[in-house]
Each structure stands twice: as structure tokens, then as C-alpha cells.
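J.: Just so you know, the protein sequences line up as chains A and B, in that order. For the first sequence, full-length UniProt numbering gives the first residue as 1, with consecutive numbering after it. For the second sequence, full-length UniProt numbering gives the first residue as 1, with consecutive numbering after it.
Do not take every clue at face value.
Cut-off 27 Å, straight-line C-alpha distance, at most; resulting in silico cross-link-like pairs (DSSO-like, lysine-lysine) [what the hints assert, rightly or not]:
1) A/Lys-54 with B/Lys-185
2) A/Lys-29 with A/Lys-139
3) B/Lys-174 with A/Lys-54
4) A/Lys-193 with A/Lys-63
To be clear, the hints were calculated from the coordinates, so they are not data collected in a lab. It should be emphasised that the depicted structure is a prediction, and the values quoted were computed from it without experimental measurement.
Next come the chains, spelled out residue by residue.
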Amino acid sequence: MTFMQTKDLTIQFGGHTAVDHVSFTLPEKQFKSVIGPNGAGKTTFFNLLSGELKPTKGEIFYKGESLRGVSAVDRTRLGIGRSYQITNVFPNLTVFENVRLAVQSKSKIRYPFWKSAHSYHELAEETHELLKQVLLDNKAQLFASQLSHGEKRKLEIAMLLALDTEVLLLDEPTAGMSLEEVPAILNVIHSIKEQGTKTILLIEHKMDMILDLSDSIMVLFNGKLLADGTPGEIMENETVQQAYLGGY
Amino acid sequence: MELLINIFVNGLATGMLIFLLAAGLTLIFGLMDVLNFAHGGLFVWGAFAAVWTYTATDSFMLAILGALLTGVVLGFVTEKLIIAPVYGNHVQQILITLGFMLVLTEMIKVVFGPNQLAAGVPSYLAGSFEIGDVILIKYRLFIIVTGFVVFALIQFILKRTKIGLIVRAGVLNKDMVQALGIHIKKVFLYTFIAGAALAAFGGALMAPYSGVVYAEMGLEFGILAFIVVVIGGMGSLPGSLFAAILVGLAGSFMAYYVPDLSLAVNMILMAIVLIFRPQGLFAARG
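Just chain A, same shape as in the assembly:
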């Protein structure tokens, strides 16, 4: 049984085919990157996997089960979590509250709605642990709006980790970051990979980062799957080189 796969996944917007018969497999605990020029359909592909868009054609399978008809919320609960290209945190909540919201959403604890959430120490402890992991524990009481762009991206990752999903879909986690901010987020992703418990699909443009992290790379071009293989195979693939150098 393949952990995650798509078969002929396609979506059309009017006459435009944004994702075009993409079939891929993602083995469990593998780190796979998705690359391609702007407009290649990478984020749309993620939106299909996470359930925010419905495919025109094709199928997505997770642990052998079709995800047809499964909502975005239920896909998260099944174990597919995602981050966004555009920063998505709750600006008027504190850093702590942002992460606690994610922690409590996957928590199995059931308690009366009128009971103070502060009385459940395990929620707070887990929240602090996650904030430590992304080096934001010292900013827990700041509002998310007070964080730098790079820190907001780290906060997003902490929220994603809090969901404890088996699959992480990371959509350009370094987008909009200054060069000084990139190493910090890279370290966080490295440490997640080293723990070896997650299956990760990463969209990125920074090739050195992709080559450093990935077990495999898939290349999208005009919505089609151009190539899929190890970093070495992809780097040597002439079709990929031509696509990036403008041969298409």
C-alpha cells in the first residue's frame, strides 16, 4: 500500500488546465520537494491534496483510501496538514494562543466549555514545547502581529507541528524572508526531518535548500509532471534543464 499517491490528478479553470494528469507517489516518511517555475501548478497541486480544491478528474489516495468527498477539515484530522505560501497566523492572538489553538484542535481532551483552558496544564506544556522547538518560546506573550515575517513563518510551522499530522505540506516556508532569516527556518525543517516521524512535501524555489533536504524531487511544468526522481537524477535530467533554461 502506497502511503500517499495521486492518479491522473487534473483540475481545469475554464479552458486552463492548472494541474494536468499528475500521478505521483509519496512513500511514508520521505521528504519530497516539488519544484517548477512560477505558474507551474505547485500551489494548486497542494490545494488539491489538502482538499481546498476539488479535482476535475483523477483521484488522491491516502493510506490506500480515496480522499474523494473528504473535506479539507477532515483531511487535516486524517493526518494531512499544510502551511501556506502567504503567512497565515492570527494577528490579534498571542503567539501562545496561536499554537494552543492548534494543540487543542487535535487534543483528545474533552471538557466543559465553561472550564478555563488554563486549568489543563498539558495543553500549555505542549504549546511551550512546540514554541521552544521553533525558538519562539521567549515571545509567547507577544501578539502574532508583533513578530517579524520570519518569526511568523516559524509560528506557522509550530502550529502545523501542533496538529501532529503524519503528512506536512509546506508551501514555500521561506517565501518573503530576508537572507538572514532563512537559516533559522531551515534549521527547524532540518530538525523535523531528523526526527524521522513525518512525511513531508515541500514547495520551494531555493535549490540549495531543496538538494540539502530532499529524498526525492518532482518537477511540475505547465501543470504536468515533468520528472520525478532523486536529487541527482533530477539535476542530470535534460528535460528539466531545458524547462528551467527556457527550452520549452
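Add chain B to chain A, keeping to what the hints say.
T.: For chain B alone, coordinates are given in the frame of chain A:
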């Protein structure tokens, strides 16, 4: 001085009643992005249910419970049948909720008859306190205290509880809440029911305050609640409390000193806020 204090207490009590109506409205508006013009209908149903229960049982507590139950049931039905099909479409929301408001108003006449009903104050809340020359009517003080208690209770739920955090986050970014695996529509339903129950509770307290209940009072108070939400800021509970007190006090003082302007003062306040701070005084999102 006694006169000023009495006008102040009167305005504060009216403000608190408007707050009870506006509190639900601001959360529904802020979290669900729903323009519910039928909210005043829930208020008037609460008022009639309370008067009917009070007349039948002579118990003010049962009257309040009857109003709350009516609010919960009507809130559930309204969300499921009227609101849910028009999520995301403001024009449809305005049309259908305005229509439903008329239905709720007319249904009052069908169920309770076309005439207004007299509403009495329970004996333990009747009368007044005299402090020097100042006479403070007990029931008005009761409304003021109840308003602050309800505000504190909602603030506690919003700031301290699990569901409150979801509601606050939902006001800021519904899509992101869903991305965290939370079924926001369930939260919408609970919030709507809570808002409806609050409106009905406000109606129940309003009845003895005004002495009579009539079918059209929902329309009058519904408009005031919308003005309060606009002034206070969409989704902001402290904003609604502040604006409700402001509207209550302005109405009370103007009714005494410049009666000709008393009806216009709320609109003038809203216009000033919209010109200088269109997002409202305490907007939860900018």
C-alpha cells in the same frame, strides 16, 4: 444632580438592554460574516415568551428560562433553515433575514394576538432605593448589574475557554481555523444559538422595563443593535458594550434636554464613527 443621576441610570439600563441584543449580533457578524436583520425578531420572541411564562407561572426565573429556551430553539431553526443556505452572500442574507424578521413579527400576532401585552416587574425587583434625594429604581439597577455580569461571563468564555479561543480566531481568519482541522460550521451554529439566546434574554429583561411588549419592538431594537455593532466595531464585545452604553446614555440625555433630536442622535453618532473610523471604535480586525 438627582435628575442627572436618574437620567444616567436610565440611559445605562437602556444601554445594557441594547448590549444584550448587540452582543450576539456582533459575534454573529464578526465570526460568521452574516448580516442578520432577523436578530430583533429573536429579541421580541424572548420578550413575549417571558411575559407569557410569567403570566402562567408567576415566576420571573421561569420566565427567563422560557425566553432562553425560545431563543435557543429559534436560533437553531434560524441558523439551519435561513442562514446556512446563504453563507457568503450578503445580499441574500439581507433579503432573507429582513423577510424572516417580518415573519417573526407577524407570527407574534398569530400566536399571542395583535394587542400589546402588559408586563409586570416581580415583587422583589419592584420599588426603589432612596439615597438622599436620589431615587434609584431597583429594576433598572438589576438590568445594569445583569448587563455587566453577562459581559464578564462572555468575556471569560471568549478569553479563557477552548471554544472562546476558536471564536476569537474565527473572527480573524475562518479559513485558517478550518485548516487547523476545526469544523467552523459547528462553531457557527453554537455561536448563532448563543447570540439568539442572548437576544431573547434581552427581550425578557426588556418586558418589565418597558411595561408592555408589542410585536414591532423587535424592529426598533434590532436597528439600535446594528447601530451599536457598527459604532463598537464588528466582532468586538467590549466595543459593543461601550457603544451600547453610549447609545443608551445619548438617547436618555437627548430625550430630556433636546427631545426633537433624541431619535436622530444614534444615527448622528453612527455617521460620525463611520466618517472618522469606519471599522468601528474597537474593531477586532482592521
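J.: It remains to establish, for every hint, whether it holds in the given structure.
T.: These are the hints, each one checked on the structure:
no.: 1; hint: A/Lys-54 with B/Lys-185; result: 19 Å, holds
no.: 2; hint: A/Lys-29 with A/Lys-139; result: 31 Å, violated
no.: 3; hint: B/Lys-174 with A/Lys-54; result: 19 Å, holds
no.: 4; hint: A/Lys-193 with A/Lys-63; result: 20 Å, holds
Hint compliance for this structure: hint 2 alone is broken.
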